[in-house]
Amino acid sequence: MDGALMTVEGLSVSYGDFRALHDISMRFDRGSIVSIIGSNGAGKSTLLNAVMGINRKLSGRVVFDGADITSMRTSAIVAKGVTMSPEGSSVFEDMSVHENLLMGAYLTNSRDKRARMTERAYGLFPALREKSGQLATFLSGGQRQMLAIARALMSDPKLLICDELSLGLAPVVVNDIYDRILDVNEEGVTIVLVEQEVKRSLEFSDYSYVLVKGRVVIEGRSDELSEDEVKDAYFGINKYA
Amino acid sequence: MELFVQTVVSGMLVGGLYAAIGVGLSLVFGIMGLTNIAHGSLMILASFFVMFFSRQVTGGVVTALLLTLAIMALIGALTQGLLINRVLDKGPESALLVTFGLAIIAQNVLQLVFGADYKSISSPFASVNVIDTRWVIVSGEYMVNFLVSVAMLLALHLMIRKTRLGRSIRAAASNVVAAELMGVDTKRAYIYAMCLAMLTGSMGGLLVGQTFGFYSYSGMSYLIIAFGVVVIGGMGSILGTLIGGFILGLAQLLGAYFFGPGVQVLVGYLALLVILALRPRGLLSNMTRK
Ligand SMILES: Nc1ncnc2c1ncn2[C@@H]1O[C@H](COP(=O)(O)OP(=O)(O)OP(=O)(O)O)[C@@H](O)[C@H]1O
Ligand SMILES: [Mg+2]
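Chains C and H, in that order, are what the protein sequence lines are. Just so we're aligned: 132 in my numbering is position 132 of the first sequence, and the numbers increase by one with no gaps anywhere. Just so we're aligned: 1267 in my numbering is position 267 of the second sequence, and the numbers increase by one with no gaps anywhere.
The set of hints was computed from the structure by calculation and includes no laboratory data. Since no wrong hints were added, every one of them can be taken at face value.
Straight-line Cα separation of at most 30 Å, DSSO-like style, residue types lysine-lysine; simulated pairs:
| id | chain 1 | residue 1 | chain 2 | residue 2 |
| --- | --- | --- | --- | --- |
| 1 | C | Lys-213 | C | Lys-57 |
| 2 | C | Lys-57 | C | Lys-158 |
| 3 | H | Lys-1162 | H | Lys-1187 |
| 4 | C | Lys-80 | C | Lys-113 |
| 5 | C | Lys-57 | H | Lys-1187 |
| 6 | C | Lys-213 | H | Lys-1090 |
| 7 | C | Lys-113 | H | Lys-1162 |
| 8 | C | Lys-131 | C | Lys-113 |
| 9 | H | Lys-1090 | H | Lys-1187 |
| 10 | C | Lys-80 | H | Lys-1187 |
| 11 | C | Lys-57 | C | Lys-231 |
| 12 | C | Lys-80 | C | Lys-57 |
| 13 | C | Lys-158 | C | Lys-131 |
| 14 | C | Lys-199 | C | Lys-213 |
| 15 | C | Lys-80 | H | Lys-1162 |
| 16 | C | Lys-199 | C | Lys-158 |
| 17 | C | Lys-158 | C | Lys-80 |
| 18 | H | Lys-1187 | C | Lys-158 |
| 19 | C | Lys-158 | C | Lys-113 |
| 20 | H | Lys-1162 | C | Lys-131 |
| 21 | H | Lys-1090 | C | Lys-57 |
| 22 | C | Lys-231 | C | Lys-213 |
| 23 | C | Lys-231 | C | Lys-199 |
| 24 | H | Lys-1187 | C | Lys-113 |
Which stretches of chain C does chain H cover? Using the computed rule of at least three CB atoms under 8 Å from a CB of chain H, they are:
| id | segment |
| --- | --- |
| 25 | 67–75 |
| 26 | 83–96 |
| 27 | 103–114 |
If we take Cβ atoms under 7 Å as the criterion, some of the chain H residues that face chain C in the derived model are:
| id | residue |
| --- | --- |
| 28 | Ala-1171 |
| 29 | Ser-1174 |
| 30 | Asn-1175 |
| 31 | Ala-1178 |
| 32 | Glu-1180 |
| 33 | Leu-1181 |
| 34 | Met-1182 |
| 35 | Gly-1183 |
| 36 | Asp-1185 |
Just so it is clear, CB atoms sit at the ideal spot from N, CA and C, and this is done for glycine as well.
Isolated chain C, as found in the complex (with noise of 0.2 Å):
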């Protein structure tokens, strides 16, 4: 790991009078998993729509690679290598999966890469290459969030963004989708896992940040945070006091 692709320095965010952000740092270094814990409500999603310019910011910054993206549109930022696949695997119902996959590579010109792109979601996850043609409303819980995540690497991402892709999914669907993440971080790709369990979270990422009511109340090492110390803070609860 050798030093960080991306930065969020003093980020706040809030929704009309309410304060869904408040002052948030983290750093995501090149190569690693960082995962982002927290319960309903903890400002995960503000956090990540924020970054990829769909949420406005009241202040702070996001660098990435060396340049500061914060007022940048989404499309810039998707450009500049920032890809996310949003929360409820949100596919595009009315297009079939091969469309998805081509929506994913909007921004690519050139058709040698959408084709070689294509080949390494189909690759990742072969249920979709046998659903190329389905409309994306009849594939499963499972298939749909293959799709988001493929969809989302269609764009040659160096960062993705993965918003609760546990959500709804049955464990073994979900370990099965972890170990994809993990196949696309050994290709160079730095991912970021937003998540409310917390013990996969930890297992699965080299550095975790908890967020509690729009606050990051613990970070560091994965390997050095103990579950329940994590959840402790998760739930707010101080067995020391």
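Mind docking chain H with the ligands on chain C? Use the hints.
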């Protein structure tokens, strides 16, 4: 029997034109969830432009049409970019009010400039019959209306289904956040969609201007036809719009055939109600909106 065959053929032919009238309304609803009340009035605005340019400026319908298409696309881009996109964030209701305002402005300006007389655009095909048999007679004008309309809808269908621009428009229609995450500028996709609606509406304006004539307030009658077509076919589906046009055209003319010309419009809308009762979302509706 001859008259029945003639009625069916005429119903299909006029139905093709109805589809061309409705498709812009369907497109805008399918993509941004907006019911464009100004659809008919803008169509008639295009009729006036073609009439005016062909008489005063160019002398020919083709150049007048090209000029009109350019102006209408520009009007579409400006209203979408400067007005509708800004209010759309506050929900479709405010945007609907904007289009209502546009309709009223267009009607009043047309009334001020051109008065309240019926106008028409001359058609080179009006006086020739392309089919003239014992069973059916089809005038060149009706045949041209039909062929132009169907060709236009098929082209639009292919554009939306098969091209990158079409995919980006569908993505914006299906899920704004996901589309943005792919790098689509969804507001711009809306502008393109509105331009497409204006272009097809202008073609409709030319064709009805040649065949039926128009005046400053004709827009509302065409809006009602467009509604009928789109509700029967299903909002957002282009092929559905084509089928909706055929059904409305056939129902109107068969209604006139069986019950007399006085009830033609009534029977058309009875057919609409029956279809709505059976399939509340229309026959085809493949652009899913949340
Ligand atoms: N568009 C919005 N308008 C107002 N408040 C919002 C909006 N979106 C989120 N919030 C609020 O901001 C807080 C953080 O929400 P966010 O969706 O970021 O949480 P999350 O950590 O992603 O939760 P989940 O695990 O349920 O996805 C919550 O209190 C939520 O109610
Ligand atoms: Mg969330």
